[in-house]
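With the hints as your guide, set chain B onto chain A.
There are 2 protein chains.
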Amino acid sequence: MRNVIVGQSGGPTAVINSSLLGVYKTAKDRGAKIVYGMVHGIKGLLDGQVADLSERLRTELDMDLLKRTPSSFLGSCRYKLPDVLGNEELYKKIFAYLDKLEIDAFFYIGGNDSMDTIKKLTDFGAITSSPIRFIGVPKTIDNDLAITDHTPGYGSAAKYIAATTKEIIRDGLVYDYPVVSVMEIMGRNAGWLTAATALAKGEDCEGVDEIYLPEKVFDLDYFLANVGKKLKENRSMVIAVSEGIKVADGRYVCELADHVDYTDMFGHKQLAGTARFLAAKVAEKYGVKTRAIELSSLQRCASHITSRVDVTEAYNVGGAAVKAAFEGMTGQVITLKRISDDPYMCITEPADVHIIANVEKKVPLEWITRDGTYVKPELVHYIRPLIQAEITPLWVDGLPRHIRLKNPKMRD
Amino acid sequence: MRNVIVGQSGGPTAVINSSLLGVYKTAKDRGAKIVYGMVHGIKGLLDGQVADLSERLRTELDMDLLKRTPSSFLGSCRYKLPDVLGNEELYKKIFAYLDKLEIDAFFYIGGNDSMDTIKKLTDFGAITSSPIRFIGVPKTIDNDLAITDHTPGYGSAAKYIAATTKEIIRDGLVYDYPVVSVMEIMGRNAGWLTAATALAKGEDCEGVDEIYLPEKVFDLDYFLANVGKKLKENRSMVIAVSEGIKVADGRYVCELADHVDYTDMFGHKQLAGTARFLAAKVAEKYGVKTRAIELSSLQRCASHITSRVDVTEAYNVGGAAVKAAFEGMTGQVITLKRISDDPYMCITEPADVHIIANVEKKVPLEWITRDGTYVKPELVHYIRPLIQAEITPLWVDGLPRHIRLKNPKMRD
Numbered sequence: 001m002r003n004v005i006v007g008q009s010g011g012p013t014a015v016i017n018s019s020l021l022g023v024y025k026t027a028k029d030r031g032a033k034i035v036y037g038m039v040h041g042i043k044g045l046l047d048g049q050v051a052d053l054s055e056r057l058r059t060e061l062d063m064d065l066l067k068r069t070p071s072s073f074l075g076s077c078r079y080k081l082p083d084v085l086g087n088e089e090l091y092k093k094i095f096a097y098l099d100k101l102e103i104d105a106f107f108y109i110g111g112n113d114s115m116d117t118i119k120k121l122t123d124f125g126a127i128t129s130s131p132i133r134f135i136g137v138p139k140t141i142d143n144d145l146a147i148t149d150h151t152p153g154y155g156s157a158a159k160y161i162a163a164t165t166k167e168i169i170r171d172g173l174v175y176d177y178p179v180v181s182v183m184e185i186m187g188r189n190a191g192w193l194t195a196a197t198a199l200a201k202g203e204d205c206e207g208v209d210e211i212y213l214p215e216k217v218f219d220l221d222y223f224l225a226n227v228g229k230k231l232k233e234n235r236s237m238v239i240a241v242s243e244g245i246k247v248a249d250g251r252y253v254c255e256l257a258d259h260v261d262y263t264d265m266f267g268h269k270q271l272a273g274t275a276r277f278l279a280a281k282v283a284e285k286y287g288v289k290t291r292a293i294e295l296s297s298l299q300r301c302a303s304h305i306t307s308r309v310d311v312t313e314a315y316n317v318g319g320a321a322v323k324a325a326f327e328g329m330t331g332q333v334i335t336l337k338r339i340s341d342d343p344y345m346c347i348t349e350p351a352d353v354h355i356i357a358n359v360e361k362k363v364p365l366e367w368i369t370r371d372g373t374y375v376k377p378e379l380v381h382y383i384r385p386l387i388q389a390e391i392t393p394l395w396v397d398g399l400p401r402h403i404r405l406k407n408p409k410m411r412d
Numbered sequence: 001m002r003n004v005i006v007g008q009s010g011g012p013t014a015v016i017n018s019s020l021l022g023v024y025k026t027a028k029d030r031g032a033k034i035v036y037g038m039v040h041g042i043k044g045l046l047d048g049q050v051a052d053l054s055e056r057l058r059t060e061l062d063m064d065l066l067k068r069t070p071s072s073f074l075g076s077c078r079y080k081l082p083d084v085l086g087n088e089e090l091y092k093k094i095f096a097y098l099d100k101l102e103i104d105a106f107f108y109i110g111g112n113d114s115m116d117t118i119k120k121l122t123d124f125g126a127i128t129s130s131p132i133r134f135i136g137v138p139k140t141i142d143n144d145l146a147i148t149d150h151t152p153g154y155g156s157a158a159k160y161i162a163a164t165t166k167e168i169i170r171d172g173l174v175y176d177y178p179v180v181s182v183m184e185i186m187g188r189n190a191g192w193l194t195a196a197t198a199l200a201k202g203e204d205c206e207g208v209d210e211i212y213l214p215e216k217v218f219d220l221d222y223f224l225a226n227v228g229k230k231l232k233e234n235r236s237m238v239i240a241v242s243e244g245i246k247v248a249d250g251r252y253v254c255e256l257a258d259h260v261d262y263t264d265m266f267g268h269k270q271l272a273g274t275a276r277f278l279a280a281k282v283a284e285k286y287g288v289k290t291r292a293i294e295l296s297s298l299q300r301c302a303s304h305i306t307s308r309v310d311v312t313e314a315y316n317v318g319g320a321a322v323k324a325a326f327e328g329m330t331g332q333v334i335t336l337k338r339i340s341d342d343p344y345m346c347i348t349e350p351a352d353v354h355i356i357a358n359v360e361k362k363v364p365l366e367w368i369t370r371d372g373t374y375v376k377p378e379l380v381h382y383i384r385p386l387i388q389a390e391i392t393p394l395w396v397d398g399l400p401r402h403i404r405l406k407n408p409k410m411r412d
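Taken in order, these protein sequences are the chains called A and B.
Its first residue numbered 1, the first sequence is counted upward by one per residue in the numbering used here.
Its first residue numbered 1, the second sequence is counted upward by one per residue in the numbering used here.
Simulated from the structure, these hints should not be mistaken for lab results.
None of these values were measured; they are calculated from a predicted model.
Where hints are given, some of them may not hold.
Pairs involving identical chains hold if they fit within one copy or between any two copies, as the list cannot separate such chains.
To be verified - In silico DMTMM-like pairs for lysine to aspartate or glutamate, Cα to Cα no more than 20 Å straight-line: (1) 28 <-> 327; (2) 281 <-> 209; (3) 80 <-> 176; (4) 216 <-> 360; (5) 406 <-> 209; (6) 25 <-> 60; (7) 33 <-> 99; (8) 285 <-> 210; (9) 281 <-> 221.
Pulled out of the complex, with its shape left as it was, chain A reads as follows (with noise of 0.2 Å):
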């Protein structure tokens, strides 16, 4: 094999530079002459953005750096490549770049928008019999993709979730009179974010009183009912929602509001606002004190708790996917197969890209309570595993150290 490319896509994660270092290292240990990077995903490369990875990593210490450095080392893009056919000159034009960079494989990093990229190089490949490899490396938090057990990145998204989720209790049920708080968690679709926060519970906390996720319909009075329920015994509570719940008519929740605050350039209205339209729904409604407490940005890239386990996954992810493009493989994925919940075990898994991309994978409706306020013990029981032991922060000068790619818009 002669040089490999790799790139990441779509949001961040804590552990996309994990799935980076695997596919890197692997590489060069596998004989790969140059592994360059594309900066920006594949619209970089479109620009001919890219940059050789031994030059930007150059030390032992760079590459346990980059593990614990959050969001996408090389820069990402939002960018989804066209159909095939009828575009053909743009992907004429993607071949012959990767051709001059004498390309025998590409890796992707990223979520479904990404492997349909994987897809899509992978069909006009096959259709002009090029020798090129292509393989998708997963990541996404929402953990939404089909196919594999769960998505690197998921596991620390999880674990920081619910880590804040038991600090939230204790901060939320410090006062003699009744306060509710409403946390606010990712997940437009699927629920296995809000989910994590089913982990706080345990010998030392009180979990969150409900839960609710996007996988039922939410009903806003069912909902004040039970809160008032509980005001009835006098005492704090602690709701996790998904940010994406929506009632009977498919509006979402935060939709219900008399007022938008904007809608961005892409004509999304913004949807965060949940926890804040319930809290005052709550407050106008019962006279308590409420809180809303939206999570935020900080549940893709909070590094400074990450799982072990996922970071570690992250990793043989992307090595996986080398020995795949290596082995002669392409227009595949590489998912986890879970072997064994006790001991957990997982090993990685090559699947076609065909069945996998565009496919939304979301919570089982069976592992939700059929009121739709908490969920099951198997979905804990699933989530578990996923957020074991930790990789700690390099500190420096008080806080964790990073590794930026500086003067990323080197051309080739």
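Structure of chain B alone, referenced to chain A:
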């Protein structure tokens, strides 16, 4: 000395329990018979809610966990004692109850309102020639207490804010199109917490672009013009604002929105929303992608990142309070006095509660740039020693372990 009693009041911090531990262990070491805890502060005391701390902290592990548990172990209250004159009955009731418990020293861990409680109890004690000694143990993430160099709780909050700011910056600069992220930090009148975002800047981090503190009048047009200037370079930015920034006519920035989410039961308009308002304004004016990020209550309860300097000082301040009482002092607050910058050294020193209570310490204007968009190096130099070193959580089954007070409604 016979028995002593200790309470916690006001908003939680990550190290308020370290001060509790400092009081408990030092009092025990010095021979106090029973160390009582007020459950829910002075308000709980009025209802006869006290707990014998020896029964609640039985092992070394319990104490190690206490240091790592956020929020007030004993529960908190927001209760301001009324004036002594005209309310003698209330004070007589408190003192009678303290006498019944054979209390010789009373310690109260809290912020400005709690120091006012110490002041009033001291005054009533003086009038009635009570032998009970009253000592205040400062804590507040806001760092707004007078006389003391800084307050226990501030260092850990500053460390959390600085660490997450670094992560938000990595996350915010990842795309190849401009994204404007606005972070909202606690601090209604004092900008100490928001100023901590300046610590993010370093060799491995670009730092935040702008910092707006409540000590300076906020000018919306100037803010928007500044953002516009940087957007001309087509780059992403991260901006830190205090929740308490106000425009020239004295209104909070979040009050400029055409809607108010709601007014709480105490008639306070909900302040959270400054970042949302500013992000919406930027999106409206420049058509770029924006994000509003509220660090929320995690600023005061994120015990998974604490400063070892802060934890140690919090403990020492608790211990010094006991020492002062055992040496016969009353009406004192334990302050921190910085005696050296390099190396950083801080000692404890009792100060008369009458000069410390009800005075709010703000960020000196000479530590803020003249145009009010950033802080000066002197401020960073002041904060940096306070965030040094770490206390590692005790991880159990993937999550930080805490300790909680069970069956707190124990009555004497």
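### Query
Given a CA cutoff of 20 Å, do residue 281 and residue 209 count as a within-copy pair, a between-copy pair, both, or neither?
Classified as within; 17 Å inside a copy, 36 Å across copies.
### Intra/inter-copy verdict for residue 25 and residue 60 if alpha-carbon distance must be at most 20 Å
within (11 Å within a copy, 44 Å between copies)
### Message
With identical chains, the pair residue 285 and residue 210 could be close in the same copy or across copies; at 20 Å between alpha carbons, which is it: within, between, both, or neither?
### Response
Cα proximity of residue 285 and residue 210: one copy only (18 Å, versus 39 Å across).
### Query
What label fits residue 28 with residue 327 when the C-alpha limit is 20 Å: within, between, both, or neither?
within (15 Å within a copy, 68 Å between copies)
### Message
Within a copy, between copies, both or neither: which one fits residue 281 and residue 221 at a CA-CA cutoff of 20 Å?
### Response
Intra 10 Å, inter 33 Å, cutoff 20 Å: intra-copy only.
#### Entry: Alpha-carbon proximity between residue 216 and residue 360, which holds within one copy, between copies, both or neither at 20 Å
Intra 16 Å, inter 48 Å, cutoff 20 Å: intra-copy only.
#### Entry: Within, between, both or neither: residue 80, residue 176 at alpha-carbon 20 Å
between (52 Å within a copy, 14 Å between copies)
### Query
Between copies, within a copy, both or neither: which fits residue 33 and residue 99 at Cα up to 20 Å?
Only inside one copy: residue 33 and residue 99 sit 15 Å apart there, 81 Å across copies, limit 20 Å.
### Query
Is it within, between, both, or neither for residue 406 and residue 209, if the alpha carbons may be no more than 20 Å apart?
between (46 Å within a copy, 18 Å between copies)
Every hint from the earlier list agrees with this structure, and none is contradicted.
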